[in-house]
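Engineer: Please build the complete structure, drawing on both the sequences and the hints.
First to last, the protein sequences are chains Y and B. Following my numbering, the numbering of the first sequence begins with 1 at its first residue and continues without gaps. Following my numbering, the numbering of the second sequence begins with 1 at its first residue and continues without gaps.
Hints are supplied without guarantee of correctness; some may be wrong.
It does not matter which identical chain is used: a pair holds within one copy or between any two.
[Claimed, not checked] Below are the BS3-like pairs computed for lysine-lysine, each with C-alpha atoms no more than 30 Å apart in a straight line:
no.	residue 1	residue 2
1	K296	K216
2	K296	K153
3	K119	K80
4	K221	K119
5	K239	K296
6	K2	K239
7	K110	K153
8	K239	K80
9	K221	K103
Everything labelled a hint here was simulated from the structure, so no lab data went into it.
2 protein chains.
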Amino acid sequence: MKSLIECIPNISEGRRDDVVAAIRNAATSATSGVLLLDSTSDRDHNRSVLTFLGDGPSLLTAMTAMVEAAIAHIDLRTHKGGHPRMGAVDVIPFVPIRRATTKDCVDLSKKLASQLAEKFNLPIYLYEDAATSEARRNLATIRQGEFEGLAKKMQDSLWMPDYGPSEPHPSAGATVTGARAPLIAYNINLGTADLSIADRIAKSIRHISGGFRYVKAMGVKLEARGIVQVSINMTNYEKSPLHRIFDTVKSEAERYGVPVVGSEIVGLVPQPALLAAASHYLRLEADPGPQVLENKLLDLAFPASE
Amino acid sequence: MKSLIECIPNISEGRRDDVVAAIRNAATSATSGVLLLDSTSDRDHNRSVLTFLGDGPSLLTAMTAMVEAAIAHIDLRTHKGGHPRMGAVDVIPFVPIRRATTKDCVDLSKKLASQLAEKFNLPIYLYEDAATSEARRNLATIRQGEFEGLAKKMQDSLWMPDYGPSEPHPSAGATVTGARAPLIAYNINLGTADLSIADRIAKSIRHISGGFRYVKAMGVKLEARGIVQVSINMTNYEKSPLHRIFDTVKSEAERYGVPVVGSEIVGLVPQPALLAAASHYLRLEADPGPQVLENKLLDLAFPASE
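Structural biologist: Here it is in structure tokens:
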């Protein structure tokens, strides 16, 4: 059965709809093995986030064609926007979804890096699970100084690109690629209007202040509902799972006499994250994934490899 | 988007593998819109259970072709087996899986009934959610007397078939069709060897003795593990859901100082049944189904209707 990998390129163009469409179409028309799941453009950020899904080889073809189109249409020397960026295609993460491992995605990002460097003379950095050193794990660190500071940064031997030349592409800068776990945006709503309680609970669960390793969190006020929320980014749902975060927030909230009135997932969520929660609370002895009827359909719809 | 309906015909042949294959192939070669998910034959019962999946019109085509093949190959006048049966094709239930309602499946079963009656001069009974009277809801009641008692039973005006002639097909008897909710076989394991506790808990949750409407249950000894189990058949997981059954068993077990040590789903389970459990325990404010990444894939794989 073919691998299914999610690929979420961030493009430094969020205002010219025709340009975004051309770049998007370059990816989907290069191969029949890639599906566009979503395309979201932000005018203030002047940035678009595309979500593709496909097997490894098809994504390699699609991303190479897409980068070529982005280089043809985007010139960072005149690009302005609210979001930090260092490349025409700023970052290309690969995320394992089905019949694919982190290692598959790391290998894929390296293949792509090598191909982009060679074809377009574009410097490439590897990040997250594909990073070649701890200092390069974090996208924000790699991108510090942005496009404008890139030529100088690359002269520092610490910041030599992983692939390609040691100077930025004149108009397209540099691109970051790599592999990461799926992100889940998850919010837990509290039956109180006291923001300080949400803040304190957020602090108790987030990694930076002593909480779960793969959790970022902050308190947020929901003005319209008159309540507060613990707003959570989960960067690895296998290692810091939904049920454990939920139960901890619930238990911390009890300490203030505050109930959890609900929770919400924002955007897409991988099925196994929810099945793991069901499995935990129902004390299932086996992973129910292989027994899910709909997964039999997926096996049939995306059958044995090419 | 095309409907996805499960169809699980029970065929009165479980010994001649070539005949089962011929009957199965008649269904799948009649249309490209139907997938065979499973085929299980029981020699003692002399019966096979086939599991198909497809949209309504394709299943109609497939089942009509399958019944034709079964009539050609099976003669109930010489059929022997441990399982009660009244037809060459004994029963054809339709189960809504995706973008299909119970009503869609009821309509489909009536269309099939009409078509089978007309084409093969076969008497048809409607059961479960398609039943035309309460007395005909239950398959066991309709089938009482089996093939051998059918001619006499049909003379009773109470048991006139819903479609077709009022006498059995000479070799193929009569067929039952209808619509029902998906079944889930679910077992909850208790940390005790005392079967009477499992029996008492089973009694507390099963419909017949005052429990949940869509639950059948009994106590079972797991000799190898030295524990007991509440073995459950769920006939409607939307109305009597997993989490409510689990929590009730857990609470009843506590009354005896007995822990729930695990639980298991046997066979296939519809994804929404597990998502509902996750949703309940995580207090999700919206059904997460539309946000499940894999469901986007299903939408793409089984796209808008013909």
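Engineer: Confirm or reject each hint.
Structural biologist: Hints and how they fare:
no.	hint	result
1	K296 / K216	between (34 Å within a copy, 27 Å between copies)
2	K296 / K153	neither (50 Å within a copy, 41 Å between copies)
3	K119 / K80	within (27 Å within a copy, 71 Å between copies)
4	K221 / K119	neither (48 Å within a copy, 66 Å between copies)
5	K239 / K296	both (26 Å within a copy, 25 Å between copies)
6	K2 / K239	within (25 Å within a copy, 37 Å between copies)
7	K110 / K153	within (22 Å within a copy, 73 Å between copies)
8	K239 / K80	neither (38 Å within a copy, 55 Å between copies)
9	K221 / K103	neither (39 Å within a copy, 44 Å between copies)
When the structure is compared with the earlier hints, violations turn up for hints 2, 4, 8, 9 and for no others.
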